[in-house]
Amino acid sequence: MQGIIAYEVYLPHHRISKKEVAGFHGGYAGKGTKSVAHYDEDSLTMAVNASQALGDVIEKNQPGAVYFASTTSPYQEKLCSVTLAKALHLPANTGTIDYGNSLRAATNAIRAGMNAVEARKGSILVSLADRRLAKPKSPLEAEMGAGAVSFLLGEGEDVLAELIGSSQVAGEQMSQWRTAQDQFLRQWEDRFIAHSVSDAVLQCAHELLNSTNRSLESIDTVIVAGPTEKLSITLAKQIGAKEEQINYIGDASIGHLGTANGPYMLTKALSESTPGQTILWLQAGDGCEGMLFQTTEAVSSYKQKKTLSHGTTVSYSDYLRWYELLEVDEGRRPGAATPSAPALKRNLDQILGLFGSECMNCGQSYYPKQRVCVKCHVKDEMKPFSLQGKRAKVATYTVDYLATSVSPPTIFAVVDIEGGSRLLAQATDCGPEEISIGTEVEFSFRKLYEAGGINNYFWKVVPKRGVHHES
Amino acid sequence: MSRKGIHDKVSVVGMGCTKFSEHWDKSTDDLIIEAAHEALNDAGIELKDVEAAWIGTMDSGYAGMTLSGPLKSDYIPVTRVENMCATGSEAFRNACYAVAAGAYDVALVVGVEKLKDSGYSGLVMNSSPGDGTSPNITAPASFSLLAPAYFNRYGLEAKQGKEVLARIAWKNHANGALNKKAQYQKEIPMERIINSPMIAAPLGVLDCSGVADGAAAAVIVRTEDSKKYRNDPMLVKALSIAAGPGEGMLTQDFDFTSIQENVRAAEDAYKQAGIKNPRKEIDMAEVHDCFTPTELVIYEDLGFSERGEGWKDVQNGRFDLKGDLPVNPDGGLKSFGHPIGASGLRMLYEMYLQFQGKADKRQLDDPKIGLTHNLGGYPWQCVSFISIVGKNLS
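Going down the list, the protein sequences come from chains A and B.
Heads up: the first sequence begins at 1 in the working numbering, then just goes up one per residue.
Heads up: the second sequence begins at 1001 in the working numbering, then just goes up one per residue.
One chain only, chain A, in its complex shape:
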C-alpha cells in the first residue's frame, strides 16, 4: 500500500479581514479574513515550519527526497528544497527538487513523490507553500492568503490514504499568470476562467473515474482546487458534484493558499474522513490534474501535531509594511550587512539545523557551538546538540524600540533550553504583553532580513500557545 503517511499544516499567526482591506480602498467588502504572512515569513519559512512538525515521523522514515512546491519561491535561482532538507537534518544524499510556475506545482510534486515511492526510493517529503500577492485594490487582494502543508509519502501499514489513481490534462490558456518580472498575480475575467478551465477539470475527472472504475456519485469527498475560492465551488458544481460531497474552505478564514490550497483541503478531508472513504482531488492550473485517494484504518487514529493558530487580526497598514508594499524609513540606524557566504557555509548546521554542541566530558550543552567547554574547560570534546523540539523558557527579555525592524518594537528574549543551554533570541508573532520571565516558547523558522540579495534565515521564538485547530 502506497500513499500519504503523515501531514502537517502551518498557518501564519496573522489574519486581515476583508472588511479592513475594503475599508482602505473603498468598495465591496467580502466576508471573512485571510491569513497574512508576518514580515519575517515567506514560502520557505512556512514550509520548514510545517515540515518540522512532522518531526519523529521524519526521523522514523528518513525520506529519500524532499520536494518543495511553490509559485512564490523566495529565490528565482536557488533550490529551497536544499535549505528545507538541511533544516530537517536530512543527509546530503537526500534528493531535492523544487516545483513551481503553477498551482499545479502541488500535484506535480505529490505525483512525482508517489512515483518515487512506487519506484522504491523510500519515503518522500513534499512541502507546498505559498504567499502570493495580488495588486492592492484588486478583487484577488483580499483572498490571497499564506500557508504551508507538508506530506510524508510512503508505503506500508502507516499509510493513511492510498493513491488509487491519477490523471492529467494540459490546458493552454491565460487564466492566472505572472511574468518573470511581475510582483502581482494577473488574472483574466472570472467568467472566462469558469468557462475555459471547466473543460480540463471535466475531462480530468472523467478520465480518472473511468480508469479507476468509479462513478462520481460513489466518491465521498470532492475537492476542486480552483484559481479562486468562488471558482472552486463553481467548478465543483460544473462537474456535477453534490453539495454534500464538496469540500472547500467554508468560512474563508484563511483565504486561498495558492499551491498549498488544494493540499490544505486534502488535509481537512483526511482529518474528517473515516476509513475506506474516497477523496477526489482535482487541482486546476494550466489545465488540471486529478488524484483519487482512499483512506485506510490508520486515518482514524492520525493526529496533527502542529498547533494551528487562530490568528491575530492586523491592520491594512501592517499588511502593507510586511509585504513591502509601502516604503518606510529605516530610522537613523545602519542597515543590515550582507551575511558572509563563507560564514554561512561554516555554520550551516548551526543556523539551519539549530545545532549547538554538548560537552561529552561534563554534559553542558551550548548554543552556538563551542569548542572549549566554559564549565570544565576541556577542548574539542563536543558532540552536536540540536535545540529543535526542546522545551524552552524565557529567563529575561527586553522590548527594543531602537533596533531596525519592519515591525517595531523588537522583542529579544534570553531563552533557557531544556538540557542547560541558553541563547538570546528574537521573539516574533507576539506583543510585549505575551512575554515575561518564565514564558514557554518554541522555535519557529524565519527570515531575519534580506541583504545583498541573501535571505538570511534563522530561528526565532514564539510563545507556546494552546492547541487549537482551525475549524
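Careful, some of the hints might be misleading.
[Said to hold, decoys possible] Partial pick of chain A residues on the chain B-facing surface, computed with a CB cut under 8 Å: (1) Gln-203; (2) Arg-333; (3) Pro-339; (4) Ser-340; (5) Leu-344; (6) Gly-363; (7) Val-374; (8) Thr-398; (9) Gln-426; (10) Thr-428; (11) Cys-430.
[Said to hold, decoys possible] Partial list, computed: chain A residues near chain B (C-beta under 10 Å): (12) Phe-192; (13) His-195; (14) Ala-336; (15) Ala-337; (16) Ile-351; (17) Ala-395; (18) Thr-396; (19) Ala-425.
No wet-lab data here; the hints were simulated from the structure.
Think of the CB as a built atom: it goes at the ideal place given N, C-alpha and C, for glycine as much as any other residue.
Given the structure of chain A, go ahead and fit chain B onto it with the hints provided.
Chain B in isolation, oriented as in the chain A frame:
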C-alpha cells in the same frame, strides 16, 4: 586571583578633558589636540618630553597615526588601543605598566571618540563580517535585560523599579548640572525621566547615557619622579580588567542581576589596593552608568551595597553628591556624555580634580581614595575595568 599590581608606582601629573558635546565644528584631530595639550600644559611639559603615547578609540581612527598625525609627535612609539567602552581605561592601564616597568619615564594617554559624524542615533559599532544571525539587539536593549531580572528577583513592582532607575538618572543629571564640561548641564525632574519616550522597555531615553564627541588625556610618570611636575599628583593604586568567557549567555547560572566581570575585576583591584571594605573605604567613584540598570547592578557587584540592597541605597541617597559614597559626581556617562574611547579617562579626570580640590560646585569634602569602573560589551559578556586611585601614598 593573585596579582601584584603596581600599587603607587605611577602617578598622574597632568590631565585634560574637552567638553563632551555634539561637536559639529570639531574633528577627531581637534579633540585630540585640545585634550592632549591641556594635559601637557597641566603637567608643565611639552610634547617633546613625552617618550611614548597611547591612543584609545573604538572606531574614530586606526593605528598610532590617529595620535601622531594631529599632534606631530617626533616618531615616538604610539599604540592604538581598543577595548570597547573600556577603551580609554585600557589605554591608561597599558601606559601605566610601561612607565612602571621603567621602559619610559613619561607617557601620554589620550582617549577620543567622534560619534556624532555618523548620523546614527545611539551607538553603532563596526562589526566584522559574519553569518548575520547574531540578534541585532541595541546597547540599551541589551542592558535593559537586567531590569526585569532584578525587579523579579528582589520583588520590586514594575513601577517601583522604574522609579529606582529614574532616581539614578536624576542623581547623575543633578551632578552634571554642576559641571561646565558635561554634555547635559541641567537637572531633570523625576517625573520627566519616568515618562521619557521608551527606548528599550522599561528604559526610556533618559535612562540612557548621552551620545557625545570628546577626548580626555593624562600624563603618567613614576611616583618617585612626580614631584618634579607637581605637588598634588594622583597615585595609581590598582588597575584591573576582567574579560569574560561569555558564560552569561551560554549557561543558565547567570541570572542578569549581576555582571560577573565586575565582580572579578573588583576582587582583583581591591586586593591590589588592600581594600577590605569598599563600602566604607572608598570615598568616591565614577562608574559605567551606560544605562540606569547597569549602575544599579554595579553598586552590588563592587560591594558598595549588599546583594538586593542596591535599590534601597539608591532611594536613601547613599550615592548622591552629599551621600556617604558619592557615585558619578561629575554627572557620569548619563549627563557628562559617552564618547567611547574618552570615557575611562574622563572618569579619572574627575578623580584627579576632586583630589586637587578643583571640582568646583561638586567638590567633595577632601576625598582620599577613589574608584573608576569602566565596562565594555554586554551584561552577559564584557570587559570590566577598575582602577583605584588616591591622593596619598599608602
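Hints and how they fare:
1. Because the closest C-beta pair between Gln-203/A and chain B is about 50 Å apart, greater than 8 Å, the hint is violated.
2. The interface hint given for Arg-333/A holds, since its Cβ lies 6 Å from the closest Cβ of chain B, which is under the 8 Å cut-off.
3. Checking Pro-339/A against chain B by beta carbon gives a least distance of about 3 Å; that is within 8 Å, so the hint holds.
4. For Ser-340/A, the suggested interface contact is upheld, since its CB lies about 4 Å from the closest CB of chain B, less than 8 Å.
5. Residue-level restraint check for Leu-344/A holds (minimum Cβ-Cβ distance to chain B is 5 Å; threshold 8 Å).
6. For Gly-363/A, the interface hint is violated, since its Cβ never comes within 8 Å of a Cβ in chain B; the closest pair sits about 12 Å apart.
7. For Val-374/A, the interface hint holds, since its Cβ comes within 8 Å of a Cβ in chain B; the closest pair sits about 5 Å apart.
8. Restraint check, Thr-398/A versus chain B: the minimum CB separation of about 4 Å is within 8 Å; hint holds.
9. The restraint placing Gln-426/A at the interface with chain B holds, with a minimum CB-CB distance near 6 Å, inside the 8 Å limit.
10. Interface hint at Thr-428/A: violated, since its Cβ lies 12 Å from the closest Cβ of chain B, which is beyond the 8 Å cut-off.
11. The criterion of a C-beta within 8 Å of any C-beta in chain B is not met by Cys-430/A, whose closest approach is roughly 14 Å, and the hint is violated.
12. The beta carbon of Phe-192/A comes no nearer than 47 Å to any beta carbon in chain B, farther than 10 Å, and the hint placing it at the interface is violated.
13. For His-195/A, the shortest C-beta to C-beta distance to chain B is roughly 50 Å, which exceeds 10 Å, and the interface hint is violated.
14. Interface hint at Ala-336/A: satisfied, since its Cβ lies 7 Å from the closest Cβ of chain B, which is below the 10 Å cut-off.
15. For the restraint placing Ala-337/A at the interface with chain B, the shortest Cβ-Cβ distance is roughly 7 Å, inside the 10 Å limit, so the hint holds.
16. Using the Cβ-Cβ criterion of 10 Å, the hint placing Ile-351/A at the interface with chain B is satisfied: the shortest such distance is roughly 6 Å.
17. At about 7 Å, the closest approach between the beta carbon of Ala-395/A and any beta carbon in chain B falls short of 10 Å, and the interface hint on this residue holds.
18. This hint holds: Thr-396/A has a C-beta 4 Å from the nearest C-beta of chain B, less than the 10 Å allowed.
19. With a cut of 10 Å, the hint placing Ala-425/A at the interface with chain B holds, because the nearest CB-to-CB distance is about 7 Å.
Hint compliance for this structure: hints 1, 6, 10, 11, 12 and 13 are broken, all remaining hints hold.
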